[in-house]
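K.L.:
Here is what each chain is made of, one letter per residue.
Number of protein chains: 2
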Amino acid sequence: MKKILNSPDTIVDDMLTGYVSAHSTTVKFGSHPRVIVRARSKNAGKVGLIIGNGSGHEPIAMGWVGEGLLDANAVGEIFAAPAPHIIVEGIKSADFGAGTILLVSSHSGDIINSEAAIEDAKELGIDVRSLLMYDDISSAPKGQEAERRGAPGTTFIYKILGAATEHGYDIDRSIALGAKVRDWTRTLGVAVAPGISPLTGKPMFSIPKNEIYIGIGVHGEPGIRQRAIGSASDVVVEVMENIFADFDYKTCEEVTVLVNGSGGTTLMELFIIYGEVAKFLKNHGIRIIMPMVGELVTTQETAGFSISLLRMDEEIKEMWSRPSYAPYFHL
Amino acid sequence: MKKILNSPDTIVDDMLTGYVSAHSTTVKFGSHPRVIVRARSKNAGKVGLIIGNGSGHEPIAMGWVGEGLLDANAVGEIFAAPAPHIIVEGIKSADFGAGTILLVSSHSGDIINSEAAIEDAKELGIDVRSLLMYDDISSAPKGQEAERRGAPGTTFIYKILGAATEHGYDIDRSIALGAKVRDWTRTLGVAVAPGISPLTGKPMFSIPKNEIYIGIGVHGEPGIRQRAIGSASDVVVEVMENIFADFDYKTCEEVTVLVNGSGGTTLMELFIIYGEVAKFLKNHGIRIIMPMVGELVTTQETAGFSISLLRMDEEIKEMWSRPSYAPYFHL
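Chain order of the listed sequences is A and B.
Residue numbers for the first sequence follow the working numbering, beginning at 165 and rising by one.
Residue numbers for the second sequence follow the working numbering, beginning at 165 and rising by one.
Just so you know, these hints were derived from the structure itself, not from any lab.
Among the clues, some could well be false.
One copy or two, it doesn't matter: identical chains are merged, so the pair holds either way.
Said to hold, decoys possible - The calculated DSSO-like cross-link candidates involving lysine-lysine, where the alpha carbons are at most 27 Å apart (straight line), are:
hint: 1; residue 1: 306; residue 2: 481
hint: 2; residue 1: 366; residue 2: 166
hint: 3; residue 1: 210; residue 2: 192
hint: 4; residue 1: 481; residue 2: 344
hint: 5; residue 1: 373; residue 2: 166
This is chain A alone, in the form it adopts within the complex:
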């Protein structure tokens, strides 16, 4: 496998060691070597915010542990959720006496392990609640939103609940805000060429030379349609029309946008894609507030991207605009 690694058995530990060492002013290890927490916690009375997730998607989620963002991240093996006892350690580290929210991206392994962790944490007397996150419109039809997968648009929730919990929201208000953000977010991904799985050393999917997939998941889950690669403009219009057919953004005055790169698509292309998204939204009279363009949720060096939209109201906009700081967050 053509990756710069040490032993396959130590990928995650080596990565975390390097990450914490590089960003020691912002993050540190928690009570377990697979838990990353904020280096400086002055959080008495704050609602805690944590996520458990498989690794291989860097910089998410550990890159967003920081001020006004996540309090903790429980890190699993590559593309596999962390075990319940690791998530419990994460929950404990994000318990500041005001309740803790465990974000769960909707994938079966994440759900199963999170549910077990929540039971165990409750037995320890921690007021922990989960918020299930889903946004990928290609994974279940309109009307069955709760069956959908988590995709890069779930990062909107990290940012907005990170700001809200820092700002003194209690747990009920935070959960309600997080659910609103989820319900107002839609994401659709496009795959261009597969990355190599560090688990198998093999491409994560296959796709003909001049074709792309519309609607692929963040672990290379199959898309819904194959098409000729075409121009950036054509591809973006198809993605945006699908998103607009799924949620009534047409009547929104303001949205924010994430154009996320899957790992092997250049920033040059992502800017071109963003330009087309901006043109499409302008044509619909919709204003974009502080968009994000970059590689946040990767699938190794997969070439591809996704577009996520979030409807904005005053509350969301306020939390979106508040300053946040983590090693790989930039707005």
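Dock chain B against the given chain A, drawing on the hints supplied.
P.N.:
Just chain B now, with coordinates in the frame of chain A:
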């Protein structure tokens, strides 16, 4: 070519349109559509800092136009320096009455076009001086440092002169500081697999399946040695030993480090690589101050990385530590 683009003729313009649109609170177009400047200039009396460079290496350099960083970036075609008249527009936009520094990464096209631009700008009465930047130890032997290419370690100069000029340094003091940073920086790159040139649609170089190149340039210029891929630890030790043989970091108390990804290497790998660099430096009793790990200077989706070291003294450390803000700067 499997990239998400519109016409090949509009790549750079489309990219700049998307970039400026996404980051309109920080950057805007200058007096020419290929010049990017800071959105808010309150710079009367500040020494201006500008670079002209070929595109295709995003986020550098336009992604580092911002507060405490670059005042302007003149953007060329892909892998080609901007024409003199574009650089002149950039110089004019970074002229705040205290002189302007044009950073020049040492590549023949950059040098030729910059020299012509400087002549023209001087005729307009602007006090502009150039600072030639070079750091790639694979491109000329020790003792012939001024013959070397510019490589990712040149970004140390952007940051430190960005902070110094913001902090009130005059042009002579700024040039002297920039030269010191250059003279104390060494970089060595490693290539794993080629990216696709958007100009030709073809891989930018070729390399056998289980081999890597040590010492490759940021446009895919040939390396100096081919070797089996090996472990991250092995590869990093070879790179670090080469760097240590070239500059006497052994006696330094403090350095900063950049582990730069070339575009197609995962952040997972970059963290593992950084961990090995940190181990190597710790074994030599050298402390690392605020390192950077990420994709700053890319060669499209080329897989590979480089390691850059900068010796720190109190002046450099102070400027390195000052807050800076640009869309794709994070420390």
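K.L.:
Each hint should be assessed against the structure and marked as holding or not.
P.N.:
Cross-check of the supplied hints:
1. 306 x 481: For residue 306 and residue 481, only the intra-copy Cα distance (26 Å) is at most 27 Å; the inter-copy one is 54 Å.
2. 366 x 166: Close inside one copy (10 Å) and across copies (20 Å); limit 27 Å.
3. 210 x 192: within (19 Å within a copy, 38 Å between copies)
4. 481 x 344: within (13 Å within a copy, 45 Å between copies)
5. 373 x 166: Both ways: residue 373 and residue 166 sit 21 Å apart in one copy and 8 Å across, limit 27 Å.
In the structure shown, no violation is registered for any of the earlier numbered hints.
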